[in-house]
Amino acid sequence: MKRRRETDGLEEEIRDHIERETAENIDRGMTPEAARLAARRKFGNVTRATEEAREVWRMVWLDQLAQDAGLGLRILRRNPRFAVVAVAALALGIGINTAVFSVVNAVLLRPLAYPHPERLVWLADHDPHIDRDFADIANFFEWRRYTMSYSGMAAYGYLQAALGTPRGAGYTTAIYAAGDFWKLTGARAVAGRLCGEDEPDCVVLSWGLFERLYGADSRVLGGATTVNGRAALLAGVLPRDFRVQLPMWWIADHPEPVEAFVSLPPPRDRMAQSGQVFASLKPGIRIAQAQAELEALQKRLEKEGGHRGIMTRLRVQSLAEKLSGGSRRALLVLLAAGCFVLLIACVNVASLLLARAAARRKEIAIRTAIGAGRMRVFRQLVVESAWPALAGGAVGLLLARWAVAVLVRTAPYAIQRMAETTIDGRVAFFTLAVSLLAAVLFGAGSAVACRRANLLSALKEGARGGAGLLGAGTRRVLMTVELTLAIVLLIGAGLMWKSLVRMNQRPPGFAPERTVVMKVRLAGPRYRAKPAQDAFVREVLRRLAASGLSAAGVSTWFLFDGAPAFPVDSDPATTHVIRVNACSTGYLEALGMKLVRGRWLNENDDGVLLNESMARQAFGRLDPIGREIAVPQRSTVVGIVADLKYFRPDAAAAPESFVNWQSGPGVFNLEIAARTAGDPHVVVRELEKQLAEIDPAQPVYDARTLEEALAATIAPRRLNLLLLGGFALVALAMAIVGIYGVMAYAVAERTREIGVRMALGARRGQVIAMVAREAGGVAAVGIGAGLLAAWGATRVMAGLLYGVAPNDPVVFAGVAVALGLTVLAACVGPALRASWVDPAIALRAE
Amino acid sequence: MSTRDVDRIELLQGTLDLLILRTLLLGPLHGHAIAKSIERNSEDVLAVEQGSLYPALHRLLKRGWISSEEGTSENNRRAKFYRLTAKGRRQLRAESAKWERLARAIGRILRPAGEEGRL
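Each protein sequence line maps, in turn, to chains A and B. With the working numbering applied, the first sequence covers 2 to 847. With the working numbering applied, the second sequence covers 284 to 402.
Next up, chain A with everything else stripped away, as it sits in the complex (with noise of 0.2 Å):
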């Protein structure tokens, strides 16, 4: 700053003093001409003066820099293998550091591809036990009817669709969308018109749907046609890159892309009884105003009989919050481990700069004996360090793309938002400071380490040729923050693995893989009234029993609240939330369910089973096979099945009543279970037909297997146990590799000394005991030091753990185990080695 300003105008300076001097030349008598020389030639050469002055500002810094930049070059040049193993250690860390930060960034910096994101809420109900949210479609009208706080608000729900198509019904994962969806998102239609507000049966397609069932043919667009049988408009299409951001929990469970946006029709039509809802505060609300004023609305509309929440959980919340709020934890986690594996990668190469480190004191000393500052030789060493770290970068940088890439095709859902992944200027920027930082770490090692030279010793010893010890103490220490490091991110990747086996343990009998499950939304103006509903039943009853299956059946389920006090809390002001499973008889058995007391249903019983966790919540400590519970009529408990956890792996089994399908309310949300000896993917595909015969009109979906539906629903553990778990591998390796060439180097420092000994009668195993005690040291305190430090980082984990504690003594002993064992193991090579060392030869070599 100071340089640019004192330079500034300094030709005019010089060329007004040399006008003073002609103009005096002048005044004692000269001729301009004469005068004019005289002056240039008493100041003489101007372009030097002029560079010469501004060298004074440049010369410092930027000028040194180009000469250690120079010399850092030629060293790395000269040293390719080191450049090789340097860049590729860096490369692998920075690049995993960059790839977790480009998923960092796409899902928790940048803003949602919405207009006025940080305005955006998400209003709900929230049920605990499987952890969803749900708002009743009716409160949704009440709610955007009579709230102030907003600007704007929508409502969606997951729906199946058929549509009509010239060529017959196509099917597709559609949304359906009421209020102010089209405001909130944002989107334009590229053909077309999309839905106006509370315009009913409108269809707005994606592009991609469009092609594929119209063939991109812009004339449908403004026609007729059907959603599940209902006549709808065919209203316009949607650009190729518009997104609709959903909750993770809609991912994990339908993983497909929704193609079709279907405008909702009145409420009194049923389509959808419950639904997400979003919306845009007003400038200026807050949010715990907005969470205010909704509850206050539903204890008014409650009062007045209108409808009721289901929950009676509300909660107002940010919308990017609400979306990334699962991922965060585990990606924080993820961010720290692959810091973790870099800073191994900065002291596998700090070790190897030490290696060095005896040829480079001598130079070191010599430059300290003519003139060179501290400061001077720090900063030559930092910036001979960038060189391998800025390529290191540049090669991370590369990995990152390729990693992300890999990641966002295997498991685009895995992460919410983690398909809006790329590497823009934030995460190259976050690359290259990464990558400055890492210079800067082992640039600083190493000089630390080469201020300890003593300018006399230095040339003395070097005279003699000898590497000397110097170094091994910091050697010693840099193994055992490798050791450390190394370990917190074993442990973490240990206790993921465990959890993850935890989450999969299986009681006798339950055996999803056999188990086949599929969902049908009856929809449409046909299945209005209960005895169609039943009809429909009673149909997928008679082909399921007809196919020759194990076990077969069907269930709906649905919520009661306010259900009258159970026996445990026989306070009639109490009510209860209930979860009842309207099934058939052949559906818990095809589950995997057990019988634990009592007997199951019949057909047409009016009884109620009753699972472990309700029996116990419920009714205690009493007995309560032939006692009543209003579910919500009064119903005799007939039998206790044990709990199952049939729908969330990693979640405590939910309490639940069981009753016979024909006492449910209605049946609209339709699950088909049924178990298979044979083929369960045969058998999706069979059922799937037969349900097609009975009425093409009502899509089948979620068909899989039940362990693939379990195995959905912790999609995003699994992801996280796999890329922690490559971390730690990766961490092991270069510790395995670092650790080793430490070894192999101190023993070949020591061949003299090894010499000495075994001419003095030691003998090969004392000097093989020598090396793996030295080892066994660094690796006991290492170890030591890594258990602590995870005892203190995996508490952070508690959240992504299950079935765990963050603590878990066979996980921390196992891996303590392990790694020491891997320690020794990469000893033995230089052990051996130390033990081969011929005295008569290693004498001589003095």
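There are no misleading hints in this set.
Quick list of in silico lysine-lysine cross-link-like pairs, DSSO-like style, CA-CA up to 27 Å:
#1 Lys43/A <-> Lys363/B
#2 Lys43/A <-> Lys345/B
#3 Lys43/A <-> Lys319/B
Simulated from the structure, these hints should not be mistaken for laboratory data. Quantities reported herein were computed from a predicted structural model and do not represent experimental measurements.
Starting from the known structure of chain A, fit chain B onto it as the hints suggest.
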């Protein structure tokens, strides 16, 4: 080279800096005025190549011994004026003392030699 130039003394490294500081002790001056003042006060003995004045000024600026400011010269033209800073004043005191000691020492050594030669 004219015969007159033979009598002039080339400046030692760093001496010019000291002369500039001394010149500025009387008040802020622009570049040309500094050169003139040095010439006049040394009775033209010291050969200052005027061009070398500018790198020297920038050296002093960078060390913070002098500062620069815009101003108007005697004939109402805009010019850059250099002013001695407090730090420069301290530096001048230290350097002058050093010079005087050096000059005295050299003088002491040279004088007896000259007297011996006359004997």
